[in-house]
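Residue numbers (my numbering), protein chains in the order written: chain A, 19 to 206; chain B, 19 to 206.
It is possible that part of the hints are untrue.
The list treats identical chains as interchangeable, and a pair is accepted whether it falls inside one copy or across any two copies.
As a list, the in silico DSSO-like pairs of lysine-lysine whose alpha-carbon atoms are at most 27 Å apart [said to hold, decoys possible]: (1) K53 to K69; (2) K53 to K173; (3) K173 to K121; (4) K121 to K200.
Just so you know, these hints were derived from the structure itself, not from any lab.
In this text the structure is predicted, and so the values were computed from the model without any measurement.
2 protein chains.
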Amino acid sequence: MGRWEPNARGRLANAALELYNEHGFEQTTVMEIAKRAGLTERTFFRHYADKREVLFAGAPAMRELLVAAVTDAPPSAPPVDALAAGLDAVCEMFVGRREYARKRQAVILANAELHERELVKLATLSAAVAEALRRRGVTEPAASLTAEAGIAVFKIGFKRWVAEAEEREMTQVMRETLDQLKNLTTSD
Amino acid sequence: MGRWEPNARGRLANAALELYNEHGFEQTTVMEIAKRAGLTERTFFRHYADKREVLFAGAPAMRELLVAAVTDAPPSAPPVDALAAGLDAVCEMFVGRREYARKRQAVILANAELHERELVKLATLSAAVAEALRRRGVTEPAASLTAEAGIAVFKIGFKRWVAEAEEREMTQVMRETLDQLKNLTTSD
Chain A
19 MGRWEPNARG
29 RLANAALELY
39 NEHGFEQTTV
49 MEIAKRAGLT
59 ERTFFRHYAD
69 KREVLFAGAP
79 AMRELLVAAV
89 TDAPPSAPPV
99 DALAAGLDAV
109 CEMFVGRREY
119 ARKRQAVILA
129 NAELHERELV
139 KLATLSAAVA
149 EALRRRGVTE
159 PAASLTAEAG
169 IAVFKIGFKR
179 WVAEAEEREM
189 TQVMRETLDQ
199 LKNLTTSD
Chain B
19 MGRWEPNARG
29 RLANAALELY
39 NEHGFEQTTV
49 MEIAKRAGLT
59 ERTFFRHYAD
69 KREVLFAGAP
79 AMRELLVAAV
89 TDAPPSAPPV
99 DALAAGLDAV
109 CEMFVGRREY
119 ARKRQAVILA
129 NAELHERELV
139 KLATLSAAVA
149 EALRRRGVTE
159 PAASLTAEAG
169 IAVFKIGFKR
179 WVAEAEEREM
189 TQVMRETLDQ
199 LKNLTTSD
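Just need the whole structure built from these sequences, with the hints factored in.
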């Protein structure tokens, strides 16, 4: 039971996503996830607190990447450029993970409770970006507005990136989405 | 019990907000709300499904106002102007209600579950605005981006409007916040 399992965490996450898509999130048990991954329930609980956490385990890393990139942008960079650097950093995290992201998105959208949790996650990311911008000397409401706009771009860019027909890299889709936001707000 | 009570709905809402602020949302019972309002529990349940609904009962009217104003904006208006019309319409709804809004905001921010519900409400408003923009012929992702940006402006504008030191009307604060978003995204 206590032995080291190669990539147990990743195997559990993949097994969980498969099952959530096949049978629904509600209907899937931790026992089934562990079995599908060829591991024990005990191993599951060494990696995740519960079956919901499998879907949100990446959030802290994402927040750290976002905040670090916003913080490390050149001091002279305007808020929107620091934000763009943050979005680029997050895109790195998703390289090679489009299929996984597609499956996760399908599970989230099929379950109201998970969708709420996702909204909370995004609000937390927005607050973290706003805080990072304020530490750069950006005043309010500019810091919060930039952060909220950034999360809007992330939400919509992500949705486009996981769409069936989309083949471009996430960075490209995200940058295009940010540019579209800029154009929208200058159309009058 | 069945008799008509003048402005029972408003009295119940005010009583509820007072109690939520004094004792906390969790600790307040429907019985106490009814008593504070000088009404019966039965009257409470004729107006609200539960004590949470008191805080979110205005959401459908807000959505209708937003959607109607976006829909009725001049056909030639760019998406961001249709959005601005929607925000103006919502501001109308809050005229004379700053004290109430301040109390409500304090209750929402003090309770994680209510805060989540508020995020869901805002996401629903965003989806409704995006849909109204698509019916105007706005394509994706412009429709969703404009809607998300609009909700970001609403969130931040609202927070500013209810801040203790703020004395300007909501319309003015909201327009300024929208202008600030426009400036931010054009700063490079």
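Against the structure, the hints come out as follows:
1. K53 to K69: Classified as within; 14 Å inside a copy, 43 Å across copies.
2. K53 to K173: neither (33 Å within a copy, 45 Å between copies)
3. K173 to K121: Close inside one copy (16 Å), not across copies (31 Å); limit 27 Å.
4. K121 to K200: neither (30 Å within a copy, 35 Å between copies)
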